[in-house]
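Trainee: Input sequences plus hints: build the corresponding full structure.
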Amino acid sequence: MDHTLMYLRESLSNYENNELSQSIYNKLVHNSYSSEADFVEDLNDKEMQYLNHILEREIHYAENVQDDLRIQQLCEVYELIF
315 MDHTLMYLRE
325 SLSNYENNEL
335 SQSIYNKLVH
345 NSYSSEADFV
355 EDLNDKEMQY
365 LNHILEREIH
375 YAENVQDDLR
385 IQQLCEVYEL
395 IF
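All the letters of the sequence shown, read from the start, carry residue numbers 315 to 396 under our numbering.
Hints may contain errors.
For each label pair, taking beta carbons as the anchor points, the in silico distance ranges come out as [as the list claims (entries may be wrong)]:
# : residue 1 : residue 2 : range
1 : Glu324    : Asp352    : 16 to 24 Å
2 : Asp359    : Gln380    : 27 to 35 Å
3 : His344    : Gln380    : 32 to 40 Å
4 : Glu333    : Gln380    : 31 to 39 Å
5 : Glu370    : His317    : 14 to 22 Å
The set of hints was computed from the structure by calculation and includes no laboratory data. Don't be surprised by glycine CBs; every beta carbon is placed ideally from N, CA and C.
Mentor: Structure below.
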């Protein structure tokens, strides 16, 4: 798993009580995606909408704590959703 998807998996672990979050997290754990694009292609519409919301929140948090690497990694997935 590449670093971008590892950051995403870590972020999703903060939302483990949500069914969609668990579904996306399980995809990351149980599948070997060669790229972020492969991962995004495997998401359904509902998962993409949910992930869009979560990524906005996580990117905002990373900006507040000035974690530039985390911002970059999460933005890579966020940009692929659109």
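Trainee: Now tell me if each hint is right for this structure.
Mentor: Here is what the structure says about each hint:
For Glu324 and Asp352, the Cβ-Cβ distance of about 19 Å falls inside the hinted range of 16 to 24 Å, so the restraint holds. Checking the proposed 27 to 35 Å range against Asp359 and Gln380 shows it holds: the Cβ atoms sit about 33 Å from each other. A beta carbon spacing of about 33 Å between His344 and Gln380 agrees with the range 32 to 40 Å that was offered as a hint. Between Glu333 and Gln380 the C-beta distance comes to about 32 Å, which sits within the given range of 31 to 39 Å.
Taken as a hint, the range 14 to 22 Å holds for the pair Glu370 and His317, whose Cβ atoms sit roughly 20 Å apart.
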